[in-house]
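K.L.:
Okay, here's what each chain looks like letter by letter:
Protein chains: 2
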Amino acid sequence: MTFELLKIDAATGARRGRLRTPHGAVETPAFMPCGTGGAVKALTPHELETEGVQMALCNTYHLYLRPGHRLIEELGGLHRFMAWSGSILTDSGGFQVYSLAPLRQISEEGVSFRSHLDGSLHFLSPELAIEVQKSLGADIIMPLDECAPYPSTTDYLQRSLGLTLKWAERSRVAHLNGQPALFGILQGGTDKALREQAATALQKIGFDGYALGGLAVGEPKAVMYETVAHTTPLLPVDRPRYLMGVGTPEDLVESVMRGVDMFDCVMPTRHGRTGSLFTSQGRINIKGAAHASDERPLDPACDCYTCRHFSRAYLRHLFMAGEILGLRLNTLHNLHFYLTLMQQIRQAIEDGSLTAFRTRFLEEAGTLNRDETVA
Amino acid sequence: MTFELLKIDAATGARRGRLRTPHGAVETPAFMPCGTGGAVKALTPHELETEGVQMALCNTYHLYLRPGHRLIEELGGLHRFMAWSGSILTDSGGFQVYSLAPLRQISEEGVSFRSHLDGSLHFLSPELAIEVQKSLGADIIMPLDECAPYPSTTDYLQRSLGLTLKWAERSRVAHLNGQPALFGILQGGTDKALREQAATALQKIGFDGYALGGLAVGEPKAVMYETVAHTTPLLPVDRPRYLMGVGTPEDLVESVMRGVDMFDCVMPTRHGRTGSLFTSQGRINIKGAAHASDERPLDPACDCYTCRHFSRAYLRHLFMAGEILGLRLNTLHNLHFYLTLMQQIRQAIEDGSLTAFRTRFLEEAGTLNRDETVA
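Heads up: the protein sequence lines correspond to chains A and B, in order.
Taken in order, the first sequence gives residues 1 to 375; the numbers are from full-length UniProt numbering.
Taken in order, the second sequence gives residues 1 to 375; the numbers are from full-length UniProt numbering.
Hints were generated in silico from the structure; no laboratory data involved.
Some clues are possibly wrong.
For chains that are exact copies, the list does not tell them apart, and a pair is met inside one copy or across any two.
[To be verified] Think about it this way: if two alpha-carbon atoms lie no more than 25 Å apart in a straight line, the pair counts; the simulated SDA-like pairs of lysine to any residue are: (1) K166 x R239; (2) K287 x E74; (3) K287 x D118; (4) K204 x S107; (5) K204 x G288; (6) K287 x H116; (7) K204 x A301.
Quick caveat: nothing in here was measured; it's all calculated off a predicted structure.
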């Protein structure tokens with residue numbers, strides 16, 4: 001993997017770059033949709049390509065449990081399995097163990113847990129996380145870490161970061177060769193000193209890119225933005241920076257302005273399936289009775305497949321009737337919104353107009369972070 | 001609507017024809033997928049077009065209850081609502097009232113029932129069925145009838161047919177002008193004398209096409225085929241013949257050979273959603289463990305999107321994981337199978353090779369009517 005920095009916005013520090021992996025270029029700042037269990041929910045890989053997705057995230061936890069990384073490896077790897085020719089970043093599985101799996105127990109050695117699917121007992125170590133991700137054939141892989149809950153005491157955060165750093169070192173050793181790219185994950189919650197410690201320790205080990213973990217876990221937005229702003233200057237300029245699991249459209253804009261290059265989030269796809277739809281005029285809950293006879297497209301400013309062909313009234317009908325097509329059309333629209341936003345952000349950095357773009361975007365789509373009142 | 005008969009197969013009586021509606025040509029014999037509630041489940045209208053669908057069936061019962069025919073009419077009609085530029089045939093709503101709605105009561109005047117959605121009380125008369133379908137803007141509409149269960153006594157069938165014929169007459173009167181096309185529905189179960197009576201009475205009223213209702217409701221296949229074979233010669237040569245709610249791929253071949261021009265059935269789409277997939281080598285239940293590591297496409301002889309890009313192993317994984325994409329890919333494949341079959345049937349009639357096609361088809365896909373043994 002290579003990372004080329006094309007421009008740094010003088011006013012904000014926002015970065016315009018280009019990752020290259022064995023599966024092509026990824027223009028940054030980039031948004032990666034979540035292909036949790038080997039599919040971005042409701043969409044085909046060719047729709048992702050059409051929408052301009054260049055890298056998808058897949059979840060090691062899900063694929064390890066079902067259908068199993070060995071099977072995927074035997075079948076030629078994850079790209080071939082899901083017929084996706086773009087790049088893939090996999091996470092370590094840790095976050096899902098902490099959020100989905102029952103009876104998890106963290107020790108120095110790793111984390112034991114039961115499968116949320118069948119209750120079977122498993123043990124994930126930093127070494128196994130690397131092995132699984134290499135079996136899958138991802139382009140960028142992540143080390144096992146502990147994502148501390150918010151709020152945590154400084155003492156807990158300190159011990160947790162200590163474990164994450166030890167695991168980072170073991171992951172680096174387990175990785176052996178330079179393929180695929182391995183990122184380091186900074187933890188430390190919202191504690192600036194701990195974030196500094198993480199940045200220093202991880203760079204000493206040396207990684208191909210650096211991720212900010214443990215954010216967007218309940219802390220106030222302002223605190224998250226401040227933590228990002230404090231942390232990114234501690235990272236090497238020539239390596240990509242990835243803010244994990246973030247976020248709302250506003251979060252993307254704000255974080256790019258604080259020096260982040262990569263994002264992933266279930267928000268556009270999950271919200272699509274619950275009928276919460278992003279538009280240039282704010283967020284719409286398509287269930288609302290107000291849309292029942294509304295002939296307009298979701299977003300007159302949008303040129304996605306959904307908005308070019310279907311009315312709000314039809315989308316509401318599909319949603320109320322539980323039609324799969326509704327979930328498809330909603331997901332496609334939300335993903336298009338996110339990818340268009342990233343395209344606009346990249347353009348604004350190139351044009352030197354990011355600050356103006358941010359102001360305009362937040363004015364027009366000021367309700368993006370909250371649902372409209374359902375009629 | 002016009003119907004042009006292009007060729008009658010001398011050996012079998014199978015017919016190659018062309019319907020023309022205000023929404024284009026429909027090559028017959030034709031299969032209409034079910035767009036029950038204003039969407040062919042899991043598919044976009046543009047996928048239908050790509051697959052070669054020329055006419056879709058929509059269910060009056062579903063659309064009358066949700067979102068309501070008046071709303072669809074206000075929004076410019078069903079074609080515009082669902083963004084489908086091909087032809088639409090709507091049923092009368094009767095069949096769904098009998099099969100889905102609780103507390104239905106049939107009288108001379110019509111049928112009262114409660115909505116399966118919210119329990120609300122409704123009354124469907126022959127006149128209302130026509131009015132609703134005209135509001136929707138369908139290209140071909142159907143009169144309210146009674147579909148007698150199987151088995152029924154001759155006495156019941158006789159009285160039921162009497163009601164259906166009275167309703168047919170009232171529907172013809174309610175229809176007033178010639179737009180859209182109105183078909184008559186023959187009932188009479190598997191009683192040949194009653195089918196003859198139905199054919200005579202309906203032609204006396206005069207319809208734009210003739211449908212065989214009340215079949216594929218539990219009677220043995222051989223009896224259904226015999227009833228079809230007995231009835232089609234009683235119908236005018238120059239009008240299309242529609243076998244309602246049929247059927248398996250084998251049913252389509254056998255019924256075309258007995259003079260049927262049009263079909264609809266939920267089978268390809270519903271079976272797609274349950275993982276039962278049609279192939280040139282028989283039916284496959286994708287849930288089967290035997291497919292877990294199978295790299296082959298569903299059907300190596302198939303050129304559908306699903307078979308061109310994905311392995312059985314991936315399709316099984318998607319199905320087991322409950323991924324919406326699996327339902328999409330399965331549905332697309334099954335529909336492609338049905339439409340390819342109809343294309344082959346039309347070609348075989350043109351080539352005068354239908355009998356040979358039937359033999360080969362049933363040999364190769366001999367297991368199409370039953371599931372494979374699930375491993």
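K.L.:
Now tell me if each hint is right for this structure.
P.N.:
We went through each hint and held it up to the structure:
no.: 1; hint: K166 x R239; in the structure: within (21 Å within a copy, 80 Å between copies)
no.: 2; hint: K287 x E74; in the structure: between (44 Å within a copy, 20 Å between copies)
no.: 3; hint: K287 x D118; in the structure: between (34 Å within a copy, 17 Å between copies)
no.: 4; hint: K204 x S107; in the structure: within (24 Å within a copy, 85 Å between copies)
no.: 5; hint: K204 x G288; in the structure: neither (53 Å within a copy, 50 Å between copies)
no.: 6; hint: K287 x H116; in the structure: between (30 Å within a copy, 20 Å between copies)
no.: 7; hint: K204 x A301; in the structure: neither (47 Å within a copy, 56 Å between copies)
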